[in-house]
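**Q** Now for the letters of each chain:
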Amino acid sequence: MALQDKYQQLLNTAKTVGIANLQVREQDNVLYIDGEAPNGTAKDSLWDIYGKLDPDFRSGDVVMNINVSSMAPGGKAKVTTDKSNLNIRKGPGTDQPIVGKAAHHEIVTLVSKTNDQWWLIRTDAGEEGYAYAQYLSPQS
Amino acid sequence: MKKNSCRAVMLLLFFIVAFFISSCGPKDSKIQADVETAIRSNPSTNGIAANVEKGVVTLSGECKDEASKSAVESEVAKVKGVKQVVNNCTVMPPPAQPAPVTIAQDETLIRNVNDAVKDYPGVTASVKDGVVTLTGNIKRSNLQKLMMSLQSLKPKKIDNQLTIQ
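Protein sequence lines correspond, in order, to chains A and B. Heads up, the first sequence is in the working numbering, so the first residue is 42 and it goes up one at a time. Heads up, the second sequence is in the working numbering, so the first residue is 27 and it goes up one at a time.
If you're looking for bench data, these hints aren't it; they were derived computationally from the structure.
For lysine-lysine, the following DSS-like pairs were computed, each having C-alpha atoms within a straight-line distance of at most 25 Å:
| hint | chain 1 | residue 1 | chain 2 | residue 2 |
| --- | --- | --- | --- | --- |
| 1 | A | Lys119 | B | Lys171 |
| 2 | B | Lys180 | A | Lys93 |
| 3 | A | Lys142 | B | Lys144 |
| 4 | B | Lys106 | B | Lys56 |
| 5 | B | Lys180 | A | Lys56 |
| 6 | B | Lys165 | A | Lys119 |
| 7 | A | Lys119 | B | Lys144 |
| 8 | B | Lys171 | A | Lys47 |
| 9 | B | Lys144 | A | Lys131 |
| 10 | B | Lys154 | B | Lys180 |
| 11 | A | Lys124 | B | Lys165 |
| 12 | A | Lys142 | B | Lys171 |
| 13 | B | Lys171 | A | Lys93 |
| 14 | A | Lys47 | B | Lys180 |
| 15 | A | Lys93 | B | Lys165 |
| 16 | B | Lys80 | B | Lys106 |
| 17 | B | Lys90 | A | Lys56 |
| 18 | A | Lys142 | A | Lys119 |
| 19 | B | Lys80 | B | Lys56 |
| 20 | B | Lys171 | A | Lys117 |
Just chain B, same shape as in the assembly (with noise of 0.2 Å):
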């Protein structure tokens, strides 16, 4: 009789355990593994940490955008003995968009491009619609000095129809 209840406890224990051991999947340091291969083999995830404990994994870091965020976050539930995914992945902001194009205006224009050409002789300028037109003669060694001040003024663009000597 007293033979026969410790066999049934032996018997229980083992189930349990058999139980734990089971419940209890790969272990945590597997897991990490293999969620950090599946992030790696994806390479606009590459910037993301994986923190694994009891099979819940919590992803953390930068995403590239929201497709990848919940690519990586499929990724990593597909990995055996994941039971949960925390992902607590941040989102970059999309770049920031070029400012528009600025031209000046014509009058401010004028006047700067009149301050610019006043030091070469021979070069006569007009200004229309932001529209630089330059005409008449100007030496070689000069003309990338002048080039460089008059495109700093904003113009729309530069039409150079100056003679070169």
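Isolated chain A, as found in the complex (with noise of 0.2 Å):
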């Protein structure tokens, strides 16, 4: 119960914000938190939070995987690299073949999840494949 304690803040603030299908779970002295945030704006304030409490997220006594659930096949996404291109590839992989591009901000649509890291997704010129999820922002 140690960690709760010390990520009491984090999990308070997940029930605040509406974390729906919380799990919090304590095993071998790491504290399992999952759930799924109604937006990413959600998500980013739990994750200040943690690197409030574990600064440069160190002690490695915490997995959080909160999603943002308001994603939804049809849903749009922009592209939200750093500022490169962000690679469309056959299948979900770094090692499948690039068939695409999508720009740097570009609006994308999802087609389907195919898991947490990768979707498929439909640019407007046409272009359909998978792209690493971290690098696409659900737009509401």
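Two chains, two separate frames, one set of hints: put the complex together.
**A** What follows is the structure, encoded as structure tokens:
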């Protein structure tokens, strides 16, 4: 329970911002936090608190897996790479051939979520393929 | 003679009425109020409703557990005028046990971790028994993003030995 005390503020905030299916488990001195955030802002607020409670994420005592649930097939997402284009690949994995590119800050359409890491997307130009979900921000 | 029989009838009537009054005890509405007070006095039985008919109390609603279900029944039975308690309370199912933590298999984890760190030159990741160890250098502005993607891959833990620039 010591870890839950250390991260009490994080767990409280998770309830306040409305994380759905919130699961908090402590196992082998690691606190596992899973759930679905209603939007990207809620997810970011949790990560900001986590970063404050464990500066530079050094302790290795939390595994926080919060997904943003609002992203449904047909929804729009913005390409949020640092500045480069986002690769669109034939299959879900960086070992897959690149079949197209989405520009930085381009808006693309979600076709389906293969898993939490890889989403099947379509660009307005009609290119379709898999992109790394981390660089896609759901647009509400 | 006629006067005497009339008196007897009156007396009989008096006894009959007195018998009914005494057998009725407190009115149902009074019992209802007392029963509700008894129920409200225990916070764990707050959601229970009572219905009183001729001194028979029927309880309905949801109890927290079996113990509070029988507790409320015995409390209500003590209320003056209650002849019988019909306990129709349901017991709430116990809260679902949290699902065990799923840790990704190393094979899957290695592939996903490599995908995640690919865009961070200078970062090296190794995976063993679900533990992801990070070495090398990273810009402070990228650290949280990297952590967000790694922690969604269902690792056992993340050992961050990165030098932050």
